[in-house]
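The opening residue of the sequence shown carries number 282 in our numbering; numbering runs sequentially from there.
The hints are simulated quantities; they were obtained by calculation from the structure and are not laboratory data. The structure presented is a predicted model; accordingly, all values stated were derived computationally and were not measured. Backbone N, C-alpha and C define an ideal beta-carbon position, used for all residues, glycine too. Please note: incorrect hints may appear among the correct ones.
[Unchecked claim] Each computed SDA-like pair below joins lysine to any residue, with the alpha-carbon atoms no more than 20 Å apart: (1) Lys-510 to Arg-488; (2) Lys-554 to Pro-569; (3) Lys-438 to Met-451.
[Claimed, not checked] Derived DEER-like restraints, expressed as beta-carbon distance ranges: (4) Arg-525 to Glu-641: 45 to 55 Å; (5) Pro-1208 to Gln-549: 50 to 60 Å; (6) Ser-612 to Pro-1093: 46 to 56 Å; (7) His-435 to Ser-533: 58 to 68 Å; (8) Asn-480 to Thr-313: 56 to 66 Å; (9) Arg-504 to Lys-438: 48 to 58 Å; (10) Ala-975 to Leu-945: 16 to 26 Å.
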Amino acid sequence: MKQVPRQAVCKEKGKEHGMTHERQSDFTKMSTAKVKMREKKMRNQPASVQYPSANADDSTQNGGDTPATGGPSDVHQTTERLKKPSHQSGWVRGHQRDGGGYAKEMPKCITAGGFARARAAEVSAMLKAVTKTTGSSHVFGALPKHMRRRAMSHNTKRLPRRLRDMATRMREKSLQAGSKKKKETPKNKSRKARRRHGNLLLEFNRRQRKNIWLETHIWHAKRFHMVKKWGYCLGDRPTYKCYRPCYRAMSSHCLLQDLSYYCCIELQGEEDKLLAALSQLTNKEAGPTFAAALCLSGCRQGSVTVYRAGRFPLEALGPVTFLWRPRTQGSTHRQLWIWAHPTLKQELLPELQTVCQCCEAVLPPVVPEVTPAEANPSTEAQLMPEIPPETKPTPGAKRKRSCKDTSGPPAKKILGDGTRLPTTPVTWKSTSTGILINDLTMEIIRYRLIGPQSHSVLAETLEAATGCDDVDASQSSSLWWPQHCKDEAKMNIHQQQAAVFQTLKEIYSTGELPSGTVLGLTVDDPRLTLPTKKVKALPSVKQEQEEEEEKRRTLMLRGVPDHCCQSFLWERSVRDNVTDNKISEQDLNRMRSETLVPGSRLSSTPPQGRVPILLVHQPGKQVGHEMSTWGAGWDLLLPKGWGMAFWVPLVYRGVRIGGLNMSLKHSQNKAAPHFPNDYPDCPAGVRFQEEQEAELLDKFKRRPPAKRTNYIKHGCLAPFRCPWQQLAEEWELTTREAGEEEEGGGDGQGRTTAQPAAVTEEEMTSRRDVATTRPRSHFTVLRSRKPLRMLSAWCRPTTSKGQRACRVGEVPPLSRSSAVSFVAAHGMSLVWVRLSLLSKGKPEFHAMLCVPTAEDLKLLSKEQGSSGPQEPPHRDNLKSRVKRRKKSPKKAAVSSFEKPEDKESSASACSPDLKVSSSDQILGLWPDPLPNVISHCSRVTLGWVTQGDFSLSAGCGEALGFVSVVGLLNTLLNQPAEHRGKLLLRNPASLHYRFAKINIEV
282 MKQVPRQAVC KEKGKEHGMT HERQSDFTKM STAKVKMREK KMRNQPASVQ
332 YPSANADDST QNGGDTPATG GPSDVHQTTE RLKKPSHQSG WVRGHQRDGG
382 GYAKEMPKCI TAGGFARARA AEVSAMLKAV TKTTGSSHVF GALPKHMRRR
432 AMSHNTKRLP RRLRDMATRM REKSLQAGSK KKKETPKNKS RKARRRHGNL
482 LLEFNRRQRK NIWLETHIWH AKRFHMVKKW GYCLGDRPTY KCYRPCYRAM
532 SSHCLLQDLS YYCCIELQGE EDKLLAALSQ LTNKEAGPTF AAALCLSGCR
582 QGSVTVYRAG RFPLEALGPV TFLWRPRTQG STHRQLWIWA HPTLKQELLP
632 ELQTVCQCCE AVLPPVVPEV TPAEANPSTE AQLMPEIPPE TKPTPGAKRK
682 RSCKDTSGPP AKKILGDGTR LPTTPVTWKS TSTGILINDL TMEIIRYRLI
732 GPQSHSVLAE TLEAATGCDD VDASQSSSLW WPQHCKDEAK MNIHQQQAAV
782 FQTLKEIYST GELPSGTVLG LTVDDPRLTL PTKKVKALPS VKQEQEEEEE
832 KRRTLMLRGV PDHCCQSFLW ERSVRDNVTD NKISEQDLNR MRSETLVPGS
882 RLSSTPPQGR VPILLVHQPG KQVGHEMSTW GAGWDLLLPK GWGMAFWVPL
932 VYRGVRIGGL NMSLKHSQNK AAPHFPNDYP DCPAGVRFQE EQEAELLDKF
982 KRRPPAKRTN YIKHGCLAPF RCPWQQLAEE WELTTREAGE EEEGGGDGQG
1032 RTTAQPAAVT EEEMTSRRDV ATTRPRSHFT VLRSRKPLRM LSAWCRPTTS
1082 KGQRACRVGE VPPLSRSSAV SFVAAHGMSL VWVRLSLLSK GKPEFHAMLC
1132 VPTAEDLKLL SKEQGSSGPQ EPPHRDNLKS RVKRRKKSPK KAAVSSFEKP
1182 EDKESSASAC SPDLKVSSSD QILGLWPDPL PNVISHCSRV TLGWVTQGDF
1232 SLSAGCGEAL GFVSVVGLLN TLLNQPAEHR GKLLLRNPAS LHYRFAKINI
1282 EV
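Take these sequences, add in the hints, and give me the full structure.
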């Protein structure tokens, strides 16, 4: 029988079963895989071992063994083996039907040499297989399977004695190998790591080209919700809950804020010319001006509200703080810093240029940046080696910036205003007046510490600079402090300033000092005394000697002496020198590592570690009769570049950090208007109101109509803004009509308080016609001191919740004649008021302030804890109009304005000539123009709330806002003496009125 190859047999079998060509190929591949499996198993068998075959001639040649050497005979033998039948061949995989495939007869003769070599090869292979230990078995391969235990790998005593030594050696070897640092396999980077920029400094500089970053931006970005406002990236509120802890810090310890976004404008010139120019922006009726005696000497910081030149009390710009540099003996040249909010700067700077006649801009010198390639291009081309082809970047690979292939100088961290172009002028001068104006925005860092222990935090953080003992008078130094130490007069002043700062540590509360006190000082680098962990700074009040007690009393009564208010922070050359020679963090850490005792202070302060600063006292609450000096603190002024060097040491003294939200709460607790939120007569306040209205309206539109408040039904005309101009005009018009009725012999009582809702169609039309014919006058906010004192006394000021009356000065009593003369002078004015709820409730911003009726006051007399009356629900006629227009636009356009019943039903809600298009109408909101805002509800409207919340200091709901002066006087005249100053407050989304007591704090 002819031997057939296995592949041919597989193909024949596939044909017999009716397989297709593809199926036959799969069957052939499967059989080929079996052959490969056998070859893999026989791989470790000795090559000289061959099994005997049925051919006697072949078996007698070498005793059943083929020679180990290969040759043509091997190929021939393999071919012959394939031709023989399967039952006479050698080893065959699987069970055979006839009982086996081996030759049953013994060989007739063998060759001793060949047989011995074959057997020796088998024994050698067997010993090699037995003694070889794989990586997973170790010594356990020498044991039978039934004796192997997992616990043997941990305890070698479980092994037989003959294997314990070997196991112990292998264990020690593995421990030694594990102690060596293995090369870590590269892992795939996380998404955060992949998105991280290759050069963070360049990326941060790029991102600062659009919005200015403060020096503490990275610190705040990790812990605060950041907002983009006024061209800056600022921290709004922390990511963790800390509202009450921040209030406790302001009340009992210290709260820290970064106010470096405030703009500083410097004026230089003769004192008389500066005062003559600045006097056009202020008025003495509103309080102290730039020419106040204490402020002019440089011992106090002042604050004032500026107006456009010669326009007081109209066209207010906003509040500013100012600081004069102390006078130099024998010189009339003065220097003034004006600090303003960034939204105020765009109106203030042009106004200062106008009054100072500084129209000539001084262009800054442009320093060309010369790269190495531009300096010597021929030499650079000769020295630059050719890039080999294997080092060229491959497409798709990440491009990484390295210092070797940079074509320009290394990037530097942006300090100051990164959005300003190098060619933008920051200096303006006048040839006629000799005044020079410098824009120092972001050139000086300003930190604010609020709380009674602010001085304790400063005393723990700062230390007065030590002198340079090894200064050679003959040698000149590039650093400013060694040169300063050569002058004994300057060092004497520095020692006196250090003595005052030492006395400052012994004061119990920051509010004990005179408001606006200024102290100049030079301190050591606070990073040198950084504690290892956070500690809470506490006051160091101890029993002192009589001399020290006298110094403390003098400081509390008179403040800092004049000669101690001077600081080298005023000089630009010193500021630049300190910024350029600041010790880097790397050098500072290296110096710390070289100290003998880890964590101890450096033995000597480096000469570049002295920083000139200014400490400016911030007064707390200065108005009213409660919580005086609450919120007082210190402002710390530094040269740029030293922000984080002072910020981290201050944080390590246990202070709380506040953002923009805490600034608003700080002003609210002081009952002071916050800029620009509470300055509606300023351009910045108008812009803020427009932005706030757009933001709230967008949030309102995002909710479906069924899930948002219908302000028309709640009787709220403007829930997202306060129409101050319309309020002032309507009250002024009402007063004029009341005066005409009195002259004609009519009822003298104000009709707006008796029947506020009875406004007919003809009256509304006539009022609108009169308002359009009269020249339009803009409203103002009353800031004159004398009229405010009179209004405050007429309102019968009381404490919070109206517990007890407060003492007021001598003012004329409230009468109709005095009210008429007051209204004639301030008819279009609004006044800033504080309201305290007499019962429960939480005021919200844009809440309405209304006049209580006689029935409401009787209810309050019967029940002192009365919650207040209710506003009847209003009817939303606009909603039905919009729905009818959507169904039939043509019919709705005619029927909504021609049906008389529709006019009668909507007469009390809106004007009949109001035409509203369905595309512009928003369901639940009144469209423009608004109807009468005074008599729209059942109670007459006096004003609105701009700040409102539950006051933790007063223990009740408090609100701050504006009311019309005319409406307030009209209300006070018609109220009984025991209820004078009682108003009603209603939130925009509520129909419930709450009783509140009004106070005007001066």
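field: Numbered hints the structure breaks, given as an ascending list
entry: none
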